[in-house]
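Quick note, the sequences are listed as chains V, H and F, same order.
With the numbering used here, letter number 156 in the first sequence gets 156, and the count goes up by one each step, no holes.
Add 403 to the 1-based position in the second sequence for the numbering used here, that's all there is to it.
Add 718 to the 1-based position in the third sequence for the numbering used here, that's all there is to it.
No lab work stands behind these hints: they were computed from the structure.
Here the structure is a predicted model, which is why all the values come from computation and not from measurement.
Note that CB positions come from ideal geometry on N, CA and C, so glycine has one too.
Treat each hint with caution, since some may be false.
Label-pair ranges, simulated between beta-carbon atoms [claimed, not checked]:
(1) F:Asp991 to H:Met588: 49 to 55 Å
(2) H:Met588 to V:Ala69: 21 to 27 Å
(3) F:Phe1066 to V:Glu274: 27 to 33 Å
(4) F:Val919 to V:Gly316: 40 to 46 Å
(5) F:Val1064 to V:Ala82: 42 to 48 Å
(6) H:Ser703 to V:Gly192: 50 to 56 Å
(7) H:Ser703 to F:Ile746: 36 to 42 Å
(8) H:Met588 to V:Ala347: 29 to 35 Å
(9) V:Ala347 to F:Val1064: 44 to 50 Å
(10) H:Leu484 to V:Leu18: 39 to 45 Å
(11) H:Gln672 to F:Leu745: 49 to 55 Å
(12) V:Lys30 to H:Leu484: 30 to 36 Å
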Amino acid sequence: MSRDYGLKVDPDARVADLSVGERQRVEILKALYRDARVLILDEPTAVLTPQEADSLFKTLKSLTKEGFAIIFISHKLHEILAISTRVEVLRRGKIVGSIETEKADRKLLAEMMVGRTVERPVLEQMTIGKPIVELEDVSVEDKSKDTSNVPKLNQVNLSVHQHEIIGIAGVAGNGQSTLADLLSGLEKPDAGTFTLLGNAVTSASPADIVHRGVGRIPEDRHSSGVVGEMMLWENLISEDLRHAPVSKAGVLIDRKACLERANKLIDAFDIRCEGPEAETKLLSGGNMQKLILARALSPQPDFILANQPVRGLDEGAIAYVHEQLLAARKRGAAIVLISEDLDELFALCDRIAVMYHGNLTQSYDAKTLTTAEVGLMMAGQQSENTGHSVTTNSGNEEQPHAN
Amino acid sequence: MMDILEILVSAGFWAATIRIVSPLILGTLGELICERAGVLNLGIEGIMTMGAMSGWMWVYMGGDLWTGVMFAAFLGLMFGLLHSIFTVYLGLSQHVTGIGITLFASSLSYYVYRMLLPDVTTPPKIEPFQVYEVPFLSEIPVMGEALFSQTPLTYLALILVPVVWYVLYKTPLGLAVRMAGENPMAVEAQGINVLTIRTGAVMIGSAFMAVGGAFITMSAFDAFFFGMINGRGWICIALVIFASWKPGKALIGALLFAGLDALQVRAQQTAGALIPYQFFLMMPYILSIVAMVIMARKASYPKALLVPFRRGERT
Amino acid sequence: MQIEPREHVAAWRIALAPVAAVFVSLLIGSVLILWVGAPVLEAYSLLVKGAVGSSFALTETLTRSIPLIFTGLAATIAFRAKFYNIGAEGQLYCGALAATFFGTGLITLPPLLMIPFLMLVGALAGGAALAVPVMLKTHLKVDEVVTTLLLNFVILLFVGYFLEGPLKDPMSMGWPQAAPIIDEGLFPSLVDKSRLHFGFVFALIGSVLCWAMMRFTVWGYEIRAVGLNTSAAKFAGINVNTTVVRTALISGGLAGLAGVSEVAGLKGYLTLDISPGFGYTGIAVAMLAQLNPLAVILSALFISMIYVGADSMSRAINIPTYIADVLVGLSVLSILVSVMLTRYRVRFR
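Chain V with its partners taken away, still in its complex shape (with noise of 0.2 Å):
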C-alpha cells in the first residue's frame, strides 16, 4: 500500500521512531487501508517542516487524482491556496463564504476570515541598543522519565538587544519550549550562562524574572497563561501578588486597587468584557490573549519572550499582538518571538534562528534569508549547502549541530 500511494514508510519501523512526517504518512495510510474516500486533514502541517509539508502536498494531489475527496483545514493561508480546489472561510462556527482557489488570494481570504480588510505590520528601520538577554553555552538537562522524544537544550547561544525582535522558527518539539521555559524562568541552566540585563540567572524562579524586567507570553494561554475560574482582575495581578498596590505588607490583597488597575488595562488594551469581576474563561481568544499582554507587557518588561503568540487567533486579534510586540520593540525592548510560522517570523523579526534536536543555529539577518534555506535548517540539515546568504552571514562560526 505503502508503494501503490508513494507514501514512503517503513512497515518494520517502530512509531515511536519514525519522523512526525513519517508518523502522518503512517495515520493517512490508515485510513486508507480501511477504504475511506474522504479524507480530513486538521491543521497537517503544524509540525511539518516546510519541505516535508511539500511532499505531503504531492502526495494529496495524487490522492486525489484517483478520486479521493479532500478536506484540508488549515490558518495558514498560502497553504490553502496552494492545495485547495475550492475555499470555504469559518468565521464564528459559521461558513461565512466559499470561493474557487483560482479566484481567490490571500488578501481576499483574510478579508473574509475577519469581515474587514487588515494591513499587516510593517517592520521600522531600527539600530540596536545594548545586549538584554546574553546565553553562553547554555544547556538543559532531561530530567524526565522517558528520554525518547524530548529534545532539551544542547549548548545554546544567543543574545538579543535592545530594539530588537529576535525569531526562533523550528518544528514544534525541537526544544523551543524548553528554551522558552528557560527565559520564562521554569527551567534553570544545567551548564553555561543565561545573562539577563548584566546578572547572572541561575535559579528556576518565574517570580525572581518576572520580578527583574522580563515580561512572558506563554504558549497555551488556557493552560498556562490564565487560570479560567478566576476573575479577570485576579488573572491581571497574577505575577504581582506580594507587591504594592496589588497587596498591603503582602498579606491582604488590595481589591479596591487591583480593580482600579484592572480597569485601566482593560481600556488600554481594550479587552472585550463585561467588565473586570468577570469569568476569565469567558473571554475569547483574542481577548484573553489581550489580558496576557495586559499583564506582560503593562510594567514595561525589558526582555519580551513571546511564544507562539498568535496561534488560533483570528486575523484582527494577530495584528493587534503584533502591533504591540513592535511597539514595545520601539520602546526599547528586547524581544524573542518564538512561532512555527515562517511568514510571521519574516514580517516581524529583525534576526531568525532555527532550533533542532535541541540545537540552536546562530541568528541570521532575516532580510538575507529565505524560507527554503530556513526550511532545510528546521529539517537539521547543514546550512553550506543551502546557499551563500547564510554562510557569510557574519563572523561568528556557530553551526548548526546536524544529529
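Mind docking chains H and F on chain V? Use the hints.
Showing chains H and F alone in chain V's frame:
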C-alpha cells in the same frame, strides 16, 4: 534470627501468607484494571465491605457459597456502574466520587446487616469455603503444602493474575483498555467508544474488589464484623502503584506484603512482650507507604488517569 | 446525551444545589426506610424532631456540629488547592493526643492562656501529622490520597498504644483512656445544663477566618490558583510546593482543633472512640458546602442534625442508626451531580 529462619521454612507461615494475599490480589487486580482504563477507584474500600457483607449474608440466608460469591460480584458490578456514571459519563471528580462510594457502600452494608439481623450481639457464623487439597501437589513439602491446600477462592485469585495479564496485553480488548488509560483520543479515532471501555473496566474491576471482600467473610473467616476490611482497600491502591500497574508485579508486591504481614503476626507472638502489639499492627500500613515511596519516582502513571474524556473536546 | 457548559452560573443555582442534593439523598434514603417497613414521613419527622425538637436536642445538634465544622474546614481548604487530605480522622486524633499530653498536668496555666495553648499544640500536632504526606507529595510525588488514608490507621494504633501505655489513666479501671484534662484547660460551657461548649464559638470564628483568608489574602489567592490551574499558577510565579505545604499545614491544624475541642470541650479525656469518623464526614461537609468556608457552618449543622436525629429516630422506630451514614454518603454523591448541573446543562437528543 533463628526464629525468623524457622518461621520461613514452616508450611504454616506460607499457608498464612497465601491466605492473606488472596483478597489483596483480587482487590489489587480490580484497582489495576480500573486505573489502566484511566479511572481511579477510591470506592474500593466500600465495595470490598459490600462484597464481604453481601456474600456472607447470602449464605447466611440459605444460599450456597458460589452463588454468594456471584451475588457479591454482581453488587460489585453495580457499584462499578455507579462509579462510572459519575466519573466516566459525567466526568466528575474521581477522588470525591470514590470517597462518596466508599462512604455509601460501607454504611449501606452496615445498615443492611443491622436491618436483617437487628438483635444479634455476637456475629453469627456460616459454613465457609473448605480447604481443597490439590491431589499430589499438596504433598510437596512446605511450598506445595502452602500453595495447594487452600480454599477455592484462593485458587481463583491466583489464576486470575495470568488471566488479567493475558487479557490486558495479548488481546485487542486489553489494548483498548490500556489505550483508554493512556490516550483516549486514539481509542476514539479507532472507532471504539472510550466511555464503554472505561465503564466496562471499572465494573469488572469493582466486581474483583467485591469478590476480594467476600473472600474475607466466606473463606478466611466465617462471620461479618463492622470495620472488618480495615484499610485493605487502601493498601490495594498502594500495591497498584508499587506494581507500576502491572499484574505480575502486583502479585509479587502482594506476596511480599502478605509475607511480611504473616511474619509480623508471628513475631508478635514471640516479641509481643517487648514491643506493644500496636506497633506490629501498624506495619502493614507503614509498609504500604514505604512501598509507594520506593516506587513513586519510577512510577509511570497511565497518562490519562484522572482525566475525564469528553467526546469532541481537545485536551 | 450531550453535556455543555453554561455561559453564566446563576447564583440561585449555586444556592439550590445542596438543597437538591439533600432532597435526592433523603428520597433514596426513604427506600431504605421502607425496606425496614417503617413509615417514611414519620421517620423523617422523628429525625427532625430528634435533632431540633427540644432545647436539649438543639444543643446536642450544635455540640455535634463543632468537630464537623473543623474537619469540614480542613477538607475545604485542602480540596481548594486540590490537595486531597483524606486523613482528617488521624489529624483529629493527633490534636486530641497533643491536648492530652500537655493538658493533663504537664503544664498548668490560667484558663485564659491554657485553652489557647492547648488549641495551639493541637493544631500543630494535626499539621505535623500531615507534614509527612505533604512532603512526600511535593518532594517525591507520592500520591497524598493513599498516604493520608493509611496514616489514619497508623495514628489510631499509635493513640491506642498511648492510651494503654504511657498516657493511661491509672484510675480508669483498665479501660484504655487517658487522664482527664485539668480544669484550667476545659472549654467553658455555653448553655447551662447542656453539653454545648465554647468550642462552637471557636468553630464559628475558624470558619470566618478561613473565609477571610480565602477571599482577602495572598495565601487564599495562591491556594485557589494552585487548585484551579497549577501550571498557570506556576507560570505566574506562585511557588506551588510552598503553597501546597502551607495549605496542608493549615488543613491538618484545623482537623487537629477538632480533636482538641472533643477532648477539652466535650469529653474531658481522650478515648479511642472520640470520633465516629468525623474526619471522613468532614469531606461530606465540605462538599455540601461547595468548598465555601462560611457554608461549612450550615452544612455541618445539617449533617449533625442527621446524626443526632437518626439516633433518636432509630430508638423510636427501630431503623438502624447507620441510616445517617448512608444519607451522608449519598449526599456526597448527589452534591457532585447537582453542582455539576449548576455549571453544565445536559441535553438529550
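Violated hints - listed by number, lowest first: 4, 6
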